[in-house]
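Student: As given, the protein sequences belong to chains A, B and C, one line each in that order.
FYI, the working numbering numbers position 369 of the first sequence as 369, with every residue one higher than the one before it.
FYI, the working numbering numbers position 118 of the second sequence as 118, with every residue one higher than the one before it.
FYI, the working numbering numbers position 219 of the third sequence as 219, with every residue one higher than the one before it.
Calculated from the structure, these hints are not laboratory results.
You may find that some hints are simply not true.
Said to hold, decoys possible - The list that follows gives simulated cross-link-like pairs (lysine-lysine, BS3-like), each with its CA atoms no further than 25 Å apart: (1) B:Lys-126 <-> C:Lys-93; (2) C:Lys-93 <-> A:Lys-421; (3) C:Lys-213 <-> C:Lys-20; (4) C:Lys-213 <-> C:Lys-255; (5) A:Lys-421 <-> C:Lys-213; (6) C:Lys-82 <-> C:Lys-94; (7) B:Lys-50 <-> A:Lys-517.
What the hints assert, rightly or not - Here are the simulated distance ranges between beta carbons: (8) C:Ile-199 <-> B:Lys-276: 14 to 24 Å; (9) A:Ile-320 <-> C:Asp-153: 48 to 58 Å; (10) C:Lys-254 <-> B:Lys-173: 41 to 51 Å.
To be verified - Okay, the calculated bits of chain B under chain A, using three or more residues with CB under 8 Å as the criterion: (11) 77 to 90; (12) 138 to 152.
A virtual CB, placed ideally from N, CA and C, is assigned to each residue, including glycine.
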Amino acid sequence: MATNSPVRGRVKSGTANNTNLADRLFAILTAITAAVIIGIIVVFAVVLLVGSWNSITRNGIAFLTSIEWPDNGFDKAPFGALNYIFGTLITSGFALLIGGVASLGAAIFLSEYAPVWLRAPLSFLVELLAAVPSVVYGFWGVQFVSGFMGGPDGVEKSLNNVFGWLPLFADKVSTTRNTNLNVAFNGRDILVAGLILSIMIIPTITSISRDVIHTVPDSQREGMLAMGATRWQSIRLAVLSYGKRGIIGALILGLGRALGETIAVAFLIGGASTVIPPQGTLLNRGETIASKFANNYNEISPADTNGFSAFLELGLALFIITLIINIIAQILVSRGNKPSSTAKKNPGTQILGRLQSLFFPILILLLSPFISLLMALVIIAIWGLLRGLKAYQVRVEERGGSLPVALTYIADPNKSYGYRKFINRFMQGLFIFSLLVAIIPLASIFILVITRGLPVVFKPDFLINDTSGRPLFGGVPTGNIGIAQAILGSGLLVSLASVIGIPLGILAGVYLSEYGKNTFGRLVRFMADVLQGVPSIIMGLFILTVVINTSLFVPGQRYNGWAGVLALAIMMVPIITRTSEEILRLVPDNMREAALALGVPKWRVILTVVMPAALSGIVTGVILGVARIAGETAPILLTARGNDSFNGLNDQTPALTLIMYTYGRRPDPASVELSWGAAFVLLVIVLLLSFGVRFLTRSRLKASL
Amino acid sequence: MKELSESFSRVTPFQIRTAVSPAGAVKAFDAADAGVPKLEIQNLNFYYGKFQALRNITVKIPSRRITSIIGPSGTGKSTFLRLFNRMSDLVPDTRVEGQVRLDGQDIFDSIEVVRLRSRVGMVFQKPNPFPKSIYDNIAYGPRMHGIKSKKQLDEIVETSARCAYIWDEIKDKLHISAMALSGGQQQRLCIARAIAVQPEVILMDEPCSALDPISTIKIEELMLQLRNNYTIVIVTHNMQQAARASDYTSVFMMAPDRAGELVEFGPTKQIFTNPKDERTEQYVTGRFG
Amino acid sequence: MAQSSVYGENAGRTAVQAGKGIKVENLNAYYGKHLAIKNVSIEFEPNLITALIGPSGCGKSTLLRNLNRLHEVIPGARAEGKIFLGEENILDKKVDSALIRRKIGMVFQRPNPFPALSIKENVVSGLRLEGESNPHKLERVIEESLKRSYLWDEVKDKLDEPGVSLSGGQQQRLCIARTIAVQPEVILMDEPCSALDPISTLKIEDLMLELKKRFTIIIVTHNMQQAARVSDKTGFMLAGAERTGELIEYAETKKVFTSPKEQRTEDYISGRFG
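When you get a sec, could you build the whole thing from the sequences and use the hints?
Tutor: Here is the structure:
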């Protein structure tokens, strides 16, 4: 109430009774939780800045211009991050190029072309793509993508054979350190990391640009259509030109996601390296800022003051880059006043029964490789045909003749209705194709995780023993290794983080939705978005620094479960805040007005009308947040660290994602097998959380809103 | 007058005014104030940011009468109505100048906003029942105002529902969701919900625009009944409705800078048969709008 | 297929160009499972203004949007029945909707000029869609269309400014100019004045009376006086209990307003509800 009263300078008079006081107290309570978000960002920035001060003064500008990163900081050599900065830019740029095009196509298809009954299942697949944890992407990349990309018969070798004359695909690199470094063709390099990143940013860009496209008023589309435009013309001229800013914003957000992605890149980029333009090649190994942390997490130690500070400066650099990227993107997308995509009452989801809605995604998933292969062939064929037709036309005209009317329509791009119609069809095909491009990797991940992971899960003691071969809850060691300690560890970390993160997140969400139409609210919303955009590895680094400097939690044991809990809780807050806010905003204002008009104080209206109406939505949002952090690796890699057995939260704490990260990178069959098993369990947990609950609550949410 | 209304609203209003019935069992003290100004609006200006939505409005709205507000869309009719229970507070960056007095008390200064809203009820354009049961919808207001006794609540629900002519339709299904009712029933339920907190004034913002003809007629009849006990202010875009169902009519028009102005106020009959202002005449004869 | 879109050829039809009539037979239109209009049969005569009136939700806009197949653009919407433009059944799946919309223009409730385009580009946007790029032809069309929509004098000095910089009434006339620039046979108007002030409303009404010499005009309006003032024939629609709209009465405007056949029409005209 206090925040929204008319600007009139009127002081509430003495007649104010206690309801008004309660109103204010409630507003203040939620405002404080909202302020926590700002507090976190401030502390975050200060810790990174103070910690990296030593490095900033010691290394100076060399940090940005030198490519040498010494093994430790005990001698005089300065730390130079140019390699990592370059690696980050080139992988992200590559990802944006490939992933961006595919995402836009997918978004346009989803929101403009797809038949209604298909929209919900297809969107579901894109969400599924977002739900797969990055450690699973990384492991799948190493096991599968590297397999066909690398090796003597791999795609990379062929690329090199055909395009080897291009510096991008050269197999010999001259570097400053040692000239003529031969490319290994092992499928772990910048190209493969870039490809995986492309896939990983597809859901981000697709869903945001779909939201942007939804905000284009129907009157624009219809105005264009009513002029006789084809579907594609109306999209190009009305939709895309109207939503240009937002779509660019979506692309930039995707870029931000790619810049901060750690674990999958650490798996695939090959580690350490020497890529410097212009001699660099995509086929060489490399390193990004984020993957540097994950690949060298053992080196991040306070014993080496200079080295530690340099790592912090590296973190600061990444934070600043992602911050700038996010600010630009937020301004462009201006999420503040757009209706969320979930707000759209999609008739598709209503028409589909629950079983059907699972049936279609699975069918599409299974068929996607075949359909897209077919489409690729068709597109190539059409393209060839057109070229041929053009050439033929020229020849006919040279002889003074002319083409049959029907053929002219196809060949002549000007003023021909047939051509417009053809382009329309062609673009539609292209969009379907790009959607399939997004879906194929998903199919591959699922098939592999099930075929390779499921048998492992049924191996003796796999879910009972820990990784050192002892039963988790006591008993005779059998020697069969399992992942029980990791399941327990993940469960504990995630549930304790939820205890902190959920209430904070929901209250801050209430503040933003119910009181946040002011400068402070906008600031909090912005900060929540910034916090959400902070690369998770940097979050881990931040907590690690705090723990080291303050001996918080367990003195003398800098890697412990509590630090992991804190990192995850902080990651969770902005996710839950923003989803709760969006869900609460879906509750129609007329409900609030109806209750307020009965003379009920605002805080009671929120608790008795608004929250109950949004309850199932909030629950869904919360569970999504839980699912997100359950799949996180980077923030706990630097804090909880992982363990082969469970010794309580005061010690290094195991987690499923950490098991996958440590064992998934080893080449021996036993480790690989263990990782497939862990991947299966992890995927089942994350997907159950993400979608199982949503399917249960969906109908209730619809009914109550 | 002021003391009277204050004192009786401090006691739970139901203890005194429960006996309102459709037949119009009008209390002695009620009849006395019929026709005297209930709401006095003086030199009212209202701004959304820099945009002036209402300019210099002065009017007195009589007690226990139906006053309709008509005018083309965009002339600030709803904005004006929403000032009376300060729903306008909900829109950020707005500014009010001038005075609105309820029984002589300035609603911006002297009445706490939550109290004001329990004295000035509102019915909205689109029926907006809560996603709760029919019973809980009507009982929501009284519950929030501290009535806990089941018996008392049952009584209030029944009286209010009878008052809003909806009791017969809902008495057998009080515990199903209000969302299951038809649009017209939902709107009458909303009226019952508003009546349940025993307001003195009921504001109606185009209450029939989303309803079918039969529901419209029912609601108009209901309004004429409620007039005995409540001061009703209704915004409508349907001029015939204003002509049929109101005692007084005020006409809003848009100035060149898009600010809304009150061009004429008077007995409904006079506005429709013998308007003083030329714009009113043009409007009521349908030359535009 | 051989739809020639060059303005010049159409310009041959100078003085009085005949609009075409539209005949609707047994039209049912659905939104998902909801039947929005049921069994509507109506014949819109050439070069007349036909008004469709009725309370909100009666399906008058749905009917209008079926006439240029804009109805099918809404996800889940479909229609059954026949609509003839001349001899051609435009609801036939084989008929391309873009070609139909080229022949049947539409003006919307809220003015919707394209924000990225200038005033003159807005006017010729339809021709641009068809690949027309001859500058002389475009210039001519711009001037002629703006003059015909009574907007020329107000905008001739600022043709390069964005279309959205105009006032609401001007924007609506710009949308009309845009529609007549492609020389359609029928113009559909969906409450074209509901977002406008009285003076703009009058201008657009005058414009309609002028335009009917060249085009068939069908207008949906909630303002009964407007229907009475400008239209030659009036159709009254009403939705029943299932929220399904039906055509209740269709006759000369004068007849509908003075001696309607149906009691419900009379109730509506006299403002008993709505």
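Student: Look at each hint and say if it fits the structure.
Tutor: Right, here's what the structure says about each hint:
1. B:Lys-126 <-> C:Lys-93: 38 Å, violated
2. C:Lys-93 <-> A:Lys-421: Holds. Lys-93 of chain C to Lys-421 of chain A sits at ~15 Å (cutoff 25 Å).
3. C:Lys-213 <-> C:Lys-20: 12 Å, holds
4. C:Lys-213 <-> C:Lys-255: Given pair Lys-213 of chain C, Lys-255 of chain C holds - Cα atoms ~23 Å apart, limit 25 Å.
5. A:Lys-421 <-> C:Lys-213: 33 Å, violated
6. C:Lys-82 <-> C:Lys-94: 13 Å, holds
7. B:Lys-50 <-> A:Lys-517: 18 Å, holds
8. C:Ile-199 <-> B:Lys-276: 14 to 24 Å: This hint holds: roughly 22 Å between Cβ atoms.
9. A:Ile-320 <-> C:Asp-153: 48 to 58 Å: 56 Å, holds
10. C:Lys-254 <-> B:Lys-173: 41 to 51 Å: Holds - the Cβ-Cβ distance for Lys-254 of chain C and Lys-173 of chain B, about 49 Å, lies within 41 to 51 Å.
11. 77 to 90: holds (count 5)
12. 138 to 152: holds (count 4)
The structure is inconsistent with the numbered hints 1 and 5, although it conforms to all the rest.
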